[in-house]
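Visitor: So you can see what is in the structure, the chains are spelled out below.
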Amino acid sequence: MALIVCRDAAFAYEGKVVVEGLDFQVGSGDYLCIVGENGSGKTTLMKGLLGLMRPKSGAIEMGDGLKPTQIGYLPQQTSAQKDFPASVYEVVISGCLSSRGLRPFYSGRNHESASENMEKLGILPLKKKSFKELSGGQQQRVLLARALCATKKILLLDEPVSGLDPVVTTEFYQTVEALRRETGIAVIMISHDIRSGVEYASHILHLQNRQVFFGSAEDYKQTEIGRYFLQGGELQ
Amino acid sequence: MTPLLEVLSDLPATISFMFSFTFMVRAIVVGLFVSLCAALLGVSLVLKRYAMIGTGLSNVGFAAMVIAGVIDVAPLAFSMPVVIATAFILLRMNESSKVKGDSAVALIATSGLAIGVIVMAMTTGITLHICNIMFGSIFAMTQADMYMSIALCAVVIIIFVLFYKQLFAVTYDESFAKATGTKVEVYKSMLAILTAVTVVLGMRMMGALLIASLTLFPALSAMRLCKRFLSVVVASAAIGIACFFVGMIFSFALDLPPGASVVGINLIVFAIFSCVSFVRQKL
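Protein sequence lines correspond, in order, to chains L and V. So in numbering that gives the first Met the number 0, spot 118 of the first sequence is number 117, and the numbers just go up one at a time. So in numbering that gives the first Met the number 0, spot 278 of the second sequence is number 277, and the numbers just go up one at a time.
Just chain L, with the same shape it has in the complex (with noise of 0.2 Å):
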């Protein structure tokens, strides 16, 4: 079974139905990346899938022995980080809370993991640095590492090359592909960047309110609504 199957999911706040509609799925190693406007119910299906909200209708599955708890989640950064202390080593592990529970400490195997991820990254070199003096896609690397010591199977990025300069989001781009190449892990990115997004990902998910396309990103490039945001470039 996939990881991930969506069947005509709709999501609603106070009654009010924000996205429906919803019907895909996600397997392993796909890459699947979802476009929309502002509005349009992307972090709302987002939530969905990391368990933070139930669908109104319709339902999300997780298969192959996955809970939403165990997506590894990057989200948006937020100011108050910005001036955050903390050690490059102290975010990575904070990505093993969900295996650990209400244990407290965190175990050796967790600590190997974070390492592993660290390493994998190329970022152990700034283990003990601060994280708030490092640069832009450096940050990122290690909010992927974060994300790799909660998941094995799915990550999940939420717009994350918004505020990085082209060179980065490429290298960025790229350290997500080959992750996915290496360890067959698949890839859920929510994304304004959709020329990117046809490029790297497999599949394409857009949303306006509604599923409006689902299916691979070459068959985006042939229909309309695809031929129309591609051309029309950046879907603000």
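Hints were generated in silico from the structure; no laboratory data involved. Just so you know, these numbers come straight off a predicted model, no measurement behind them. Even glycine gets a Cβ: it sits at the ideal position worked out from N, Cα and C. Hints are all accurate, no fakes.
Facing chain L, a subset of chain V residues (Cβ under 10 Å, in silico):
id, residue
1, VAL160
2, PHE162
3, LYS164
4, GLY180
5, ALA221
6, LEU229
7, SER230
Dumping the calculated DSSO-like pairs for lysine-lysine here, alpha-carbon to alpha-carbon at most 27 Å:
id, chain 1, residue 1, chain 2, residue 2
8, L, LYS128, V, LYS47
9, L, LYS131, V, LYS226
10, L, LYS66, V, LYS187
11, V, LYS47, L, LYS127
12, V, LYS281, L, LYS128
13, L, LYS81, L, LYS119
14, V, LYS187, L, LYS46
15, L, LYS119, V, LYS226
16, L, LYS81, L, LYS126
17, L, LYS151, L, LYS127
18, V, LYS182, L, LYS81
19, L, LYS151, V, LYS182
20, L, LYS81, V, LYS281
21, L, LYS55, L, LYS66
22, L, LYS81, V, LYS99
23, L, LYS81, L, LYS46
24, L, LYS15, V, LYS182
25, L, LYS66, V, LYS182
26, L, LYS81, V, LYS187
27, V, LYS226, L, LYS127
28, L, LYS119, L, LYS131
29, V, LYS47, L, LYS131
30, L, LYS46, V, LYS182
31, V, LYS226, L, LYS126
32, L, LYS46, L, LYS15
33, L, LYS131, V, LYS187
34, L, LYS81, L, LYS128
35, V, LYS182, L, LYS55
36, L, LYS46, V, LYS47
37, L, LYS81, V, LYS226
38, V, LYS226, L, LYS128
39, L, LYS46, V, LYS99
40, V, LYS99, L, LYS15
Start from chain L and add chain V according to the hints.
Guide: Leaving out everything else, chain V in the frame of chain L:
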């Protein structure tokens, strides 16, 4: 300057003289434990941008103390639930309500003050204590206060040790903590309740207007110099305790109000740490 020099020239004698008074021992015990709790909780409060909560709570505590005095009930038993309830309201307002964060706190703080003053004006006879409630008094501590502050401190330290990783995650990145299945609301409520208890316990000694600074200064000073969360927590606790103790010595020897004296020392430490941090950045 002469009395200051005298204090410094014979520090051991001053300290042992200070400890020869029972009320001073009580005041110091309560103060040390309250300062430690305030400094630990303060790290999360400052980083989560809840720094103003302490001010809001202490002003409501002020009103509750005055009312307790007028209707003649035990001040602690009356103000504790009131202040805890306020803490919950403040958290809720921070999240959802139409009156946002900082305005909500300012609203509640000034309302508390106003209600306290009105109640005080309507009754005669207790006006003498206003200075004590506002700026604190070392004579206010009882044996029960001493035990309560020890218990509170034990609870705060146990929570910090057992739930350290959750507190880090909730403070650092609420969305990520939520996604990993952490009950963020529970930890935030815990912070609010413990802050409320700390504020009420420390208020009569440090003063309603000054108690909030115990949650702010140590954490802010620690953040000037420390770059890891763990070291900020430890340094904040150490700074909180040290500043309280030094402040009390000056308060005792120079007959200064204890709250103001402790805050004064905290301010000096903050200024020094800021300078050091500034110089370090330039080097």
